[in-house]
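*Asks:* Could you put together the complete structure from these sequences and hints?
Letter by letter, the sequence shown follows residues 1 to 212 of UniProt numbering.
Simulated from the structure, these hints should not be mistaken for laboratory data.
Watch out, some of these pointers could steer you wrong.
Stated by the list, open to error - Cβ-Cβ distance ranges computed for the label pairs, FRET-style:
{"#": "1", "residue 1": "ARG158", "residue 2": "GLY99", "range": "30 to 40 Å"}
{"#": "2", "residue 1": "GLU3", "residue 2": "GLY65", "range": "38 to 48 Å"}
{"#": "3", "residue 1": "ARG21", "residue 2": "ARG190", "range": "12 to 22 Å"}
{"#": "4", "residue 1": "ALA24", "residue 2": "ARG190", "range": "18 to 28 Å"}
{"#": "5", "residue 1": "ILE131", "residue 2": "THR18", "range": "35 to 45 Å"}
{"#": "6", "residue 1": "GLY42", "residue 2": "PRO114", "range": "33 to 43 Å"}
{"#": "7", "residue 1": "ILE131", "residue 2": "ARG21", "range": "34 to 44 Å"}
Predicted model only: the values in this text are computed from it and were never measured.
Idealized CB from N, CA, C, for every residue including glycine.
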Amino acid sequence: MSEISIETRQTYDLISETYARVNATPDERIRADAAGLAADLGPGCLVADVGCGPGREVELLRAHGVRVVGFDLSLGQLRAGGVAGVAQADMRRLPVRSGSLDGVWCQAALLHIPRAEVPAVLAEFARIVRIGGALHLNVSEGDGEGWEMAANYGSDRRRWFTLHRLPDLTRLLAEAGFVVRRSGRNRARRDWLRVYAHRADTRTPVADSALG
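*Replies:* What follows is the structure, given as structure tokens:
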């Protein structure tokens, strides 16, 4: 594990109680995205919430009839939520059988992965999702990467942020084996980019993944 990931994990461990309290209630956009994923995959589908934090969206998805297992690198975050069915894991190497999931939900978590490691993470998502399965991805929109202070959680500790643009992210997803079906943007303290993709039969050429 890189020093970047270790320090970011340590920061989340330290701010876990405040983070869980501040983010206890999902906004309407997240509720709509969760409902959409559940409707698309159907009742009883099996989904991994990767970077689940205290487990807010684990419970939200379960309320829609989705079977969910949550993973997060920060043990402090997992303990702060007290949600069952979660485990500590690195999204680069998930303890999940290949092709065993109907979908992956990754809300504001991939953004902490250094840009050079993003293709490997997306390939790992593709490995664990069945053909035709879904990926919900929410990242910070913009350019560049680097450290940001966790001041909004009353801390002087740092977290790493990698920002993404839709064309490059679409290309990376296609190379991993996902086809983007829809995308959206919103503003909440920062600019956010939401992408919904399906696992293709094969790794999709970049040209085939262009949005209409």
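*Asks:* Each hint should be assessed against the structure and marked as holding or not.
*Replies:* Evaluated hints:
1. ARG158 - GLY99: 30 to 40 Å: Taking Cβ atoms as reference, ARG158 and GLY99 lie about 37 Å apart, which means the hint holds.
2. GLU3 - GLY65: 38 to 48 Å: With a Cβ separation near 41 Å, GLU3 and GLY65 satisfy 38 to 48 Å, so the hint holds.
3. ARG21 - ARG190: 12 to 22 Å: holds (20 Å)
4. ALA24 - ARG190: 18 to 28 Å: Holds, since ALA24 and ARG190 (Cβ atoms, about 19 Å apart) stay within the stated range.
5. ILE131 - THR18: 35 to 45 Å: For THR18 against ILE131, whose Cβ atoms are near 41 Å apart, the range 35 to 45 Å holds.
6. GLY42 - PRO114: 33 to 43 Å: With Cβ atoms ~35 Å apart, the hint holds.
7. ILE131 - ARG21: 34 to 44 Å: Roughly 40 Å apart at Cβ, these two residues keep to the hinted range, so it holds.
Taken one by one, the earlier hints all hold for this structure without exception.
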